[in-house]
Amino acid sequence: MASITLDTVGKIYPGGTRAVGDVSIDIADGEFIVLVGPSGCGKSTLLRMIAGLESISEGTVRIGDRVVNDVEPADRDIAMVFQNYALYPHMSVRDNLAYGLKNRRTPRAEIDRRVAEAAVILQIGPYLDRKPRALSGGQRQRVAMGRAIVREPAAFLFDEPLSNLDAKLRVTMRLEIKELQRRLRTTSIYVTHDQLEAMTLADRLVVLNAGRIEQIGTPLEVYRKPASTFVAGFIGSPAMNLISRRAVPHLPVAAQAGTIGIRPEDLSVAPDGPIEMEVLAVEELGAQRLVHGQTGGERLTVAMPSDAPLSDRLRLSYRLGSLHLFHPETGRRID
Amino acid sequence: MIENRPGLTLLAHLVLMAGVAIVALPVWVAFVASTHTATDFMSGTIPVWPGPHLVENYARMLDAGVSTSGTPPVGTMMLNSLVMALLIACGKIAISITSAFAIVYFRFPLRQLAFWCIFITLMLPVEVRIVPTFQVVADLGLLNSYAGLSIPLIASATATFLFRQVFLTIPDELTEAARIDGAGPMKFFRDILLPLSRTNIAALFVILFIYGWNQYLWPLLITTSSDYYTVVAGIKRMADAVDGLPQWHLVMATAMLAMLPPVAVVIGMQRLFVKGLVETEK
Ligand SMILES: Nc1ncnc2c1ncn2[C@@H]1O[C@H](COP(=O)(O)OP(=O)(O)O)[C@@H](O)[C@H]1O
Ligand SMILES: [Mg+2]
Chain A
53 MASITLDTVG KIYPGGTRAV GDVSIDIADG EFIVLVGPSG CGKSTLLRMI
103 AGLESISEGT VRIGDRVVND VEPADRDIAM VFQNYALYPH MSVRDNLAYG
153 LKNRRTPRAE IDRRVAEAAV ILQIGPYLDR KPRALSGGQR QRVAMGRAIV
203 REPAAFLFDE PLSNLDAKLR VTMRLEIKEL QRRLRTTSIY VTHDQLEAMT
253 LADRLVVLNA GRIEQIGTPL EVYRKPASTF VAGFIGSPAM NLISRRAVPH
303 LPVAAQAGTI GIRPEDLSVA PDGPIEMEVL AVEELGAQRL VHGQTGGERL
353 TVAMPSDAPL SDRLRLSYRL GSLHLFHPET GRRID
Chain B
9 MIENRPGLTL LAHLVLMAGV AIVALPVWVA FVASTHTATD FMSGTIPVWP
59 GPHLVENYAR MLDAGVSTSG TPPVGTMMLN SLVMALLIAC GKIAISITSA
109 FAIVYFRFPL RQLAFWCIFI TLMLPVEVRI VPTFQVVADL GLLNSYAGLS
159 IPLIASATAT FLFRQVFLTI PDELTEAARI DGAGPMKFFR DILLPLSRTN
209 IAALFVILFI YGWNQYLWPL LITTSSDYYT VVAGIKRMAD AVDGLPQWHL
259 VMATAMLAML PPVAVVIGMQ RLFVKGLVET EK
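Those sequence lines, one after another, are chains A and B.
FYI, the numbering used here numbers position 229 of the first sequence as 281, with every residue one higher than the one before it.
FYI, the numbering used here numbers position 113 of the second sequence as 121, with every residue one higher than the one before it.
What the hints contain is simulated information worked out from the structure, not anything from laboratory work.
Since the structure is predicted, the reported quantities are computational estimates derived from the model, not experimental observations.
Careful: at least some of the hints might be erroneous.
[Stated by the list, open to error] DSS-like mimics (lysine-lysine), calculated; alpha carbons at most 25 Å apart, straight line: (1) A:Lys220 <-> A:Lys230; (2) B:Lys195 <-> A:Lys183; (3) A:Lys154 <-> B:Lys283; (4) A:Lys183 <-> A:Lys154; (5) B:Lys283 <-> A:Lys183.
Please model the complete structure; the sequences and the hints are all you need to start from.
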């Protein structure tokens, strides 16, 4: 177990593409960090630099007290879980788990003990002698995690490990990963593009955009106080409404605000509300209903109870203190 | 494409049977010829059914051979062919799998150049470079030796390409997982690449064994001692009887015998062979 420190880390691919820039994060021992951002924002690149699979162009990566910039992946004391599992197809599950330990010349008895232990934790005991191709997606996922666990590494690195599973399994596996990490207390860095997965798993979230950090914080901090319009639009589902101040000129907000953010669930129908919306479409979700419309030429979404009255034009009010204000040019939050 | 019309099924069967007949007929004629005496075959009408001399003809060939044509017993020639075919098949596989490994997994200077050099050898089969190759082999004193029979045929661009394609289908993540698991390049090659290419190696072995076994021009050229005659080249020597008619029944018996090892290899490795050609999942 160890802390991980990134200091102004950057990556420029051969050919000149800058994938990551100026990333500094202090990850505490035992912490569960989620790197989240849209596809192509550099999450995998950052993770792979920590793993040692990608060279580090700028800055330093420290695992524990050791700068690992020039250390081979096998010697960084990390374990990685890949999106496509990357199990060795010709080896049994048992050998898949044991392979890394064998290469480190771990004694036979110790290997058997750790494999048996991981098999119990992940409930893969019955499949230990099967080949990966004879396993379902969820079982392969567990084996991939097992391969990480038996190493007893200083840190787990996950690169979108649940993306290849169906929606239902994703939810249960998500919970299992969380519980597992709670139990093992191993520092973990988890990459995903799914903001819901990020919110539920993370001790702290790192929101990335175009290779740069937009915000670091606990899920609630990020949700309640998004640092920029990008974070505001990315975290939370349905996404926060971001409307130009000009669309709602009569709202009482600070003069320097350019963009106003309101979460759909902070809006409600009120006969004397300050915002008038023309309804364009309605989505029924069962427990609630999403009403999409426009006001002053800007799109607006409202989440309301499914029994609330509907009409072509609605007057809306917002919960007090629920407005998020952003700078017109930089898009940064104004408090 | 799955069609379920009886008419088409019948047609398909007819086409297949015609194909089998075209392939099998010469083999059948050779087999029939090998079971008769020399005179039966020279009488003008070719017999259609096997005669009574099967055991006698084959025993004679295996045991003594045809002394008039200067060829050793078929057994010796088959052994020579076997050694040559195995050396060629194994040598080609060993060289091409390691060079494909180097080309795919290592970023060394002049990698592209190495790749193209291998590529260019595609245009230089033995037949094209036969005179200089003969010179080199002769200068090295390799005439009439197994090394001389096999080494000039071992370099192989096609097999290198095949393995390159196989390696390219192996996901990068697998390589990376192995790296994190502490497998160095050689360990990766032995523990991951070799087992994953098993079926391809088998398929290639079958093809290369037959290629080696069927070599004709090269062995004919560089073997002057009958100790090193191969069976395919030997058949030619037998058919060239200097004084008198070729003893076709014995030539055909040799041809039948010469067919057996490739058939055995194909049948023995059929399952792996087919898997190697069709398997895509890695
Ligand atoms: N090997 C590479 N060479 C050049 N550019 C790359 C390479 N890998 C990724 N990139 C680029 O770097 C950026 C970030 O990629 P990646 O880290 O895979 O994003 P994410 O995992 O967040 O989807 C992308 O714009 C991608 O095109
Ligand atoms: Mg990625």
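Here's how the hints hold up against the structure:
no.	hint	verdict
1	A:Lys220 <-> A:Lys230	holds, 16 Å
2	B:Lys195 <-> A:Lys183	holds, 21 Å
3	A:Lys154 <-> B:Lys283	violated, 30 Å
4	A:Lys183 <-> A:Lys154	holds, 18 Å
5	B:Lys283 <-> A:Lys183	holds, 17 Å
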